[in-house]
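2 protein chains.
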Amino acid sequence: MEKVFNFSAGPAMLPQDVMVKVQAELTDWNNIGTSVMEISHRGKEFLEVVADAEKNLRDLLSIPDNYHVLFCHGGARGQFSAVPMNLLGSGTIADYVDAGYWAQSAIKEAKKYCTPNTVSVLTETDGLKAVLPAKDWKLSKDAEYVHFCPNETIDGIEIRDLPLTDKPIIADMSSTILSRPIDVSQYGLIYAGAQKNIGPAGITLVIVRDDLLGRAKEYLPEILNYSTLVEKESMFNTPPTFAWYLAGEVFKWLLAKGGLEAMKAHNEQKAALLYDYVDASPFYSNGVHPDNRSLMNVPFLLANPELDATFLEQAHERGLHALKGHRAVGGMRASIYNAMPLEGVQTLVDFMKEFEKAHA
Amino acid sequence: MEKVFNFSAGPAMLPQDVMVKVQAELTDWNNIGTSVMEISHRGKEFLEVVADAEKNLRDLLSIPDNYHVLFCHGGARGQFSAVPMNLLGSGTIADYVDAGYWAQSAIKEAKKYCTPNTVSVLTETDGLKAVLPAKDWKLSKDAEYVHFCPNETIDGIEIRDLPLTDKPIIADMSSTILSRPIDVSQYGLIYAGAQKNIGPAGITLVIVRDDLLGRAKEYLPEILNYSTLVEKESMFNTPPTFAWYLAGEVFKWLLAKGGLEAMKAHNEQKAALLYDYVDASPFYSNGVHPDNRSLMNVPFLLANPELDATFLEQAHERGLHALKGHRAVGGMRASIYNAMPLEGVQTLVDFMKEFEKAHA
Numbered sequence: 001m002e003k004v005f006n007f008s009a010g011p012a013m014l015p016q017d018v019m020v021k022v023q024a025e026l027t028d029w030n031n032i033g034t035s036v037m038e039i040s041h042r043g044k045e046f047l048e049v050v051a052d053a054e055k056n057l058r059d060l061l062s063i064p065d066n067y068h069v070l071f072c073h074g075g076a077r078g079q080f081s082a083v084p085m086n087l088l089g090s091g092t093i094a095d096y097v098d099a100g101y102w103a104q105s106a107i108k109e110a111k112k113y114c115t116p117n118t119v120s121v122l123t124e125t126d127g128l129k130a131v132l133p134a135k136d137w138k139l140s141k142d143a144e145y146v147h148f149c150p151n152e153t154i155d156g157i158e159i160r161d162l163p164l165t166d167k168p169i170i171a172d173m174s175s176t177i178l179s180r181p182i183d184v185s186q187y188g189l190i191y192a193g194a195q196k197n198i199g200p201a202g203i204t205l206v207i208v209r210d211d212l213l214g215r216a217k218e219y220l221p222e223i224l225n226y227s228t229l230v231e232k233e234s235m236f237n238t239p240p241t242f243a244w245y246l247a248g249e250v251f252k253w254l255l256a257k258g259g260l261e262a263m264k265a266h267n268e269q270k271a272a273l274l275y276d277y278v279d280a281s282p283f284y285s286n287g288v289h290p291d292n293r294s295l296m297n298v299p300f301l302l303a304n305p306e307l308d309a310t311f312l313e314q315a316h317e318r319g320l321h322a323l324k325g326h327r328a329v330g331g332m333r334a335s336i337y338n339a340m341p342l343e344g345v346q347t348l349v350d351f352m353k354e355f356e357k358a359h360a
Numbered sequence: 001m002e003k004v005f006n007f008s009a010g011p012a013m014l015p016q017d018v019m020v021k022v023q024a025e026l027t028d029w030n031n032i033g034t035s036v037m038e039i040s041h042r043g044k045e046f047l048e049v050v051a052d053a054e055k056n057l058r059d060l061l062s063i064p065d066n067y068h069v070l071f072c073h074g075g076a077r078g079q080f081s082a083v084p085m086n087l088l089g090s091g092t093i094a095d096y097v098d099a100g101y102w103a104q105s106a107i108k109e110a111k112k113y114c115t116p117n118t119v120s121v122l123t124e125t126d127g128l129k130a131v132l133p134a135k136d137w138k139l140s141k142d143a144e145y146v147h148f149c150p151n152e153t154i155d156g157i158e159i160r161d162l163p164l165t166d167k168p169i170i171a172d173m174s175s176t177i178l179s180r181p182i183d184v185s186q187y188g189l190i191y192a193g194a195q196k197n198i199g200p201a202g203i204t205l206v207i208v209r210d211d212l213l214g215r216a217k218e219y220l221p222e223i224l225n226y227s228t229l230v231e232k233e234s235m236f237n238t239p240p241t242f243a244w245y246l247a248g249e250v251f252k253w254l255l256a257k258g259g260l261e262a263m264k265a266h267n268e269q270k271a272a273l274l275y276d277y278v279d280a281s282p283f284y285s286n287g288v289h290p291d292n293r294s295l296m297n298v299p300f301l302l303a304n305p306e307l308d309a310t311f312l313e314q315a316h317e318r319g320l321h322a323l324k325g326h327r328a329v330g331g332m333r334a335s336i337y338n339a340m341p342l343e344g345v346q347t348l349v350d351f352m353k354e355f356e357k358a359h360a
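Going down the list, the protein sequences come from chains A and B. Mapped onto the UniProt record's numbering, the consecutive letters of the first sequence carry residue numbers 1 to 360. Mapped onto the UniProt record's numbering, the consecutive letters of the second sequence carry residue numbers 1 to 360.
Worth double-checking, as some hints may not be accurate.
Pairs count within a copy or across copies, as identical chains cannot be separated in the list.
Claimed, not checked - Capping the alpha-carbon separation at 30 Å, the derived lysine-lysine pairs in DSSO-like fashion look like this:
| # | residue 1 | residue 2 |
| --- | --- | --- |
| 1 | 108 | 3 |
| 2 | 167 | 44 |
| 3 | 353 | 44 |
| 4 | 55 | 21 |
Read the hints as simulated data drawn from the structure, not as lab findings.
Using the sequences plus the hints, can you model the full thing?
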């Protein structure tokens with residue numbers, strides 16, 4: 001079979017080296033004669049997996065000591081509920097920066113628990129979708145926290161600014177975590193579903209500053225209670241052990257690849273290759289301002305949408321999978337997370353050139 | 001390496017045939033050139049996995065058409081919150097049958113949402129732990145539902161009766177589901193964490209009767225809302241796809257093995273082999289009345305607990321893993337779920353005989 005490059009937005013491709021290792025040790029992990037997914041989460045073998053995963057993640061992100069690292073059930077949507085129920089305390093207002101679908105989904109859930117102040121930040125610059133600078137965001141003085149989603153996967157829009165606030169900043173980093181260095185100390189809480197840059201779907205990363213614990217609502221389900229998860233070291237109930245192990249393998253792979261500075265350079269190179277070609281071509285287009293283009297999710301349109309089906313079919317034949325854009329925006333979307341090699345983007349661009357030549 | 005038999009209570013061993021298949025197709029599933037965990041949950045390939053898993057589960061358990069099958073995030077402990085928040089409606093009382101640790105854990109969580117009526121059913125018969133017959137359970141006439149956990153994994157106690165009630169019966173079947181046929185129509189809702197008889201940890205099965213939908217509390221996190229999960233076919237958010245796929249493989253394996261009648265015979269044979277030997281030996285003991293012994297989790301004590309460490313060490317050398325009892329009860333525990341072959345129990349009994357001979 002031809003080499004496959006999988007541009008799925010999530011669940012997304014995982015590093016090939018990691019998958020080969022996971023396969024090799026699937027039925028006999030660490031010479032124990034069974035799979036890592038068949039052993040107790042409380043046994044010493046698995047606790048070593050857990051300790052290594054946390055240590056390596058702390059190294060990668062330079063996580064300060066006053067932040068806890070949690071591996072949770074429930075996905076990022078679980079955090080849409082967990083964040084307000086854990087952090088509002090007696091407050092009733094929270095700022096929610098809105099740049100697209102995922103921010104709006106968080107707002108919808110937050111309405112069960114508080115009055116979210118929706119801070120619309122989308123605008124148009126030079127006929128392109130853009131994000132207002134942070135100084136123009138209308139934050140509320142009464143908010144308990146400011147929530148935002150720095151990367152909107154559907155529109156391929158990235159917010160590069162941080163909110164200008166002294167309130168805790170809460171970030172849904174599901175689709176950008178680990179793609180470049182960040183300064184964790186600027187955030188109160190960061191969360192991310194695993195299925196883009198961390199591991200398989202079904203485990204959720206939460207990084208929470210310790211002063212934000214202890215203010216949970218009494219009706220908060222215990223599996224979403226940060227204080228309980230801190231106390232029980234993410235083992236209040238049986239955790240998704242296989243996903244946790246696999247995330248740990250991804251962290252090792254990232255360190256071996258040079259860490260997040262190296263990932264940043266790698267991701268910028270891939271994105272530039274694709275955006276530069278799209279910008280230079282009259283046959284393809286991307287409607288987002290260069291200052292706000294996502295490095296992870298690159299949507300593009302064909303000038304003639306009647307060719308979409310042919311494009312997708314021929315791309316698939318070339319081993320270029322899962323390029324169909326989200327139904328809300330149509331066209332194509334190439335998700336190019338950490339695990340996507342440069343070769344994959346180059347193969348895509350080569351195919352796009354050929355397709356343009358044949359159909360322009 | 002010697003053949004390993006893994007008696008872990010959960011995460012537990014999975015069928016060896018399934019693990020071999022999963023390993024073989026881990027990096028190239030279904031000839032698509034990628035892993036099943038790297039593809040969209042909404043693509044046609046994965047939707048076939050989902051449809052097959054549901055169909056096969058419905059066949060195995062003869063699930064009536066007026067029941068929905070959900071695959072959820074959050075584990076059984078997530079359901080400890082979800083059940084009262086989804087089912088109480090405007091009611092404030094629910095019966096909770098209490099035969100041990102897991103029932104009590106469900107009661108603790110339920111106290112956030114209602115006044116649970118704790119129905120203590122443990123007793124002693126002939127000096128052995130036993131369960132009162134259902135006619136003696138003190139249920140409340142005002143309860144919205146009756147919750148029970150038919151198999152307590154720590155004490156190895158099984159409740160064979162069903163509550164005598166016209167209220168919906170809610171069962172935490174985490175450690176017995178699929179071990180024998182059940183009559184689903186007698187239950188309002190059945191839930192089970194996957195990590196014993198279904199698949200890897202991180203996915204949770206819920207089977208819910210359709211008339212119980214639509215009465216959720218407004219502050220219920222959406223990821224735990226049965227109505228939403230029914231409407232979105234368990235894809236309100238990205239599901240744990242790999243665990244779902246693997247559960248589907250386990251369902252196929254169960255059908256190939258002859259279904260749940262065959263499993264029942266297999267499980268009864270394994271349990272009898274172990275209990276009969278323990279009962280006949282003065283060196284080992286089990287403190288549960290035969291009428292209430294678990295077929296899945298068999299705890300046993302050595303007459304001389306000072307030999308526990310030696311027993312565990314020598315057992316491990318023989319490839320008999322994870323036999324240490326829960327810290328609350330001490331001694332040993334052999335969890336012998338569906339995936340444990342008869343050969344594993346026979347090997348354990350052979351070792352126990354040798355150990356008895358050497359140390360009695």
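How the hints compare with the structure:
1. In this homomeric assembly, residue 108 and residue 3 never come within 30 Å of each other (Cα to Cα): the closest approach is 41 Å inside a single copy and 53 Å across copies.
2. Proximity of residue 167 and residue 44 under a CA criterion of 30 Å is satisfied in neither setting, with 40 Å inside one chain copy and 44 Å between copies.
3. Proximity of residue 353 and residue 44 under a CA criterion of 30 Å is satisfied inter-copy only: 28 Å between copies versus 53 Å inside one chain copy.
4. In this homomeric assembly, residue 55 and residue 21 come within 30 Å of each other (Cα to Cα) only inside a single copy, at 20 Å, whereas the closest approach across copies is 33 Å.
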